[in-house]
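K.L.:
Listed in order, the protein sequences are those of chains A and B. Under the numbering used here, think of the first position of the first sequence as 1, with each following residue one higher. Under the numbering used here, think of the first position of the second sequence as 1, with each following residue one higher.
In case anyone wonders, no lab produced these hints; they're calculated from the structure. Note that this is a predicted model, so its numbers are computed, not measured. Among these hints, one or two may not hold up.
Copies of one chain are not kept apart here, so a pair can be met inside one copy or by any two copies together.
[Unchecked claim] Capping the alpha-carbon separation at 30 Å, the derived lysine-lysine pairs in DSS-like fashion look like this:
#1 339 x 158
#2 50 x 304
#3 330 x 161
#4 339 x 50
#5 50 x 161
There are 2 protein chains.
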Amino acid sequence: MHAGNDLILRAARGEDTPRTPVWLMRQAGRILREYRDVRARAGSFINLVKNPELVTEVTLQPVDLLGVDAAIIFSDILVVPEAMGFPYDMQESRGPVFNNTFRRREDLSRILSVEPERDLHYVLQSIRMVKRELQGRVPLIGFAGAPWTIFCYLTEGKGSKEFSVARRMAREDPELAHQLLSAISEATLRYLKAQIEAGADMVQIFDSWAGVLGPEEYRLFSLPYLEKICQGLQDSGVPVTLFAKGAHYAVGDLAALPARTIGLDWTMSIEEARGRAGTKSLQGNMDPACLYSEENAIIEETHKMLRRFGPRRYIANLGHGVYPDTDPGKVRLFVETVKGYVHETV
Amino acid sequence: MHAGNDLILRAARGEDTPRTPVWLMRQAGRILREYRDVRARAGSFINLVKNPELVTEVTLQPVDLLGVDAAIIFSDILVVPEAMGFPYDMQESRGPVFNNTFRRREDLSRILSVEPERDLHYVLQSIRMVKRELQGRVPLIGFAGAPWTIFCYLTEGKGSKEFSVARRMAREDPELAHQLLSAISEATLRYLKAQIEAGADMVQIFDSWAGVLGPEEYRLFSLPYLEKICQGLQDSGVPVTLFAKGAHYAVGDLAALPARTIGLDWTMSIEEARGRAGTKSLQGNMDPACLYSEENAIIEETHKMLRRFGPRRYIANLGHGVYPDTDPGKVRLFVETVKGYVHETV
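Okay, chain A solo, but in the shape it has when bound (with noise of 0.2 Å):
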């Protein structure tokens, strides 16, 4: 399938690789000129994501102009709910906005069936494309927000520093809670699926407001939900990795659960993730300010990132989505010292 650079299946899979692969969360986006290009002729974010030609050459511009080992759809973690019949709007100042919330027990006749190759088709047409014009050269990466997250936007309509009417809402009525998030659940499953179908070579599964939740209340209101989602995808036989950001506590917990990979913020001690995550592969975890620091810092901060992860079940990336105003020249020195580092063999 990969006559190219499939360090990171490997690296997924735990299989020694000859080098470090290395991608960025959020490389598709603003801090490339040749998106905001692309995004500019779009007219709008959603525009963008719902055309797959314009898609698929923002998909490949860090390929080609960052020199990353995997390529990730560009798309958003919201198409979910809006196929679920809960639109949304982006505003570039505000972010994400839901007109229409879920907000009590009779907003559960609201929700539709998401059907991907009917609801989603724009982002499957859109793997396909990318995956022609890939030829093999790097793997795809395909992805969807955590349930948790999704039911936080659903129920927020907007985003929050601590989402406390998502958080609300599972503890005044926790059934209700649970209803709904089996709904995103069963949504974000047959998603993922037909992205697998449609050519993604590895899945990541995106818990952004993982955080907001305490140890115990993420074991009831998001765990559960992402062991159903890893338990569906086992047969595809794709590697799924698991990003809970903010959920410094639940390292061993996400790594019990059938993913190969687990993401790290940067605020997370990788000595402790390797502790918990037994042999799990583990990804991350530069912060992402460190690409405003001058140049040897970047290159000192990421060799030693490198030597404390080691050489094996390792993908190099940072801790969170690149911050929209880092200097493309920085980035690509983080590429090229994660590809350039050779490890001391003792």
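With the hints as your guide, set chain B onto chain A.
P.N.:
Then chain B, alone, in the frame of chain A:
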């Protein structure tokens, strides 16, 4: 000094107490109708903060209405940057906004030296009035923001999820960042000393944005300044509490400073914190969203927390400020549950 209830001071000092003391972060505030009435009379948040009579009224409300074991002076962490020459505006929907942020080396010359009795007289006056009114019923807590957190607001100019402007400055020009952090620390130390002279029985330092830093950056940009402040307060004999929200990796580092109590947020493990904090006292850490639950669940979760922290070296609190839309009846239930709890003797 306290013929009345000094449980919180004794718990902070590590002395045995007949029961666990309890208060809530943001207890004086929007949860209480009585507060909202005073706030409406004041016209604006900043008018309220600067009016010692009204501050006294809202500071005492939770002592009378909720039965907490401490009062905390009603104020804002941003009064320090304001006194340093960087005024802010509090917008109901957006939170604090600075019109003139700190962005470059030349801004150092705009920093004013802070003389608390001159520049923050209204806070000190409020403390004196509250102390008179309290007549020793419960101790009064003073507070300030941690230098790193104030640095975040001063550079970013407003609240943010990631504070990438602040972290960019710390990475691009660490020397400038340290100069600004030193200036903030000096002002903060003077301010806390003045609060203690005015009558504060205990002080808490809020590092609300600790969590945007990784462990190594926290050691560079926050801990040294907290240390300087704690050292400067040692002679006062007044116990200091450090609350670094999100800095799950720093509990041990914070406990090594000359402070008496370490506050935990609701994502942090009580058992791990006990292991790392040695003989220091702990404060926290119930999920503020738990107060949205039905009564039995609140009682159960409060009991569980009390059991896990144990009877000694402990001040019960939430893991962050109480959410404004919390039912005050449930806050009272939390307070009463703590006050009525009897530890099983083994």
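K.L.:
Look at each hint and say if it fits the structure.
P.N.:
Status of the hints after comparison with the structure:
{"no.": "1", "hint": "339 x 158", "in the structure": "neither (38 Å within a copy, 38 Å between copies)"}
{"no.": "2", "hint": "50 x 304", "in the structure": "neither (40 Å within a copy, 49 Å between copies)"}
{"no.": "3", "hint": "330 x 161", "in the structure": "both (29 Å within a copy, 23 Å between copies)"}
{"no.": "4", "hint": "339 x 50", "in the structure": "neither (33 Å within a copy, 57 Å between copies)"}
{"no.": "5", "hint": "50 x 161", "in the structure": "both (28 Å within a copy, 28 Å between copies)"}
Hints 1, 2 and 4 from the list above are not met by this structure, while the remaining hints are.
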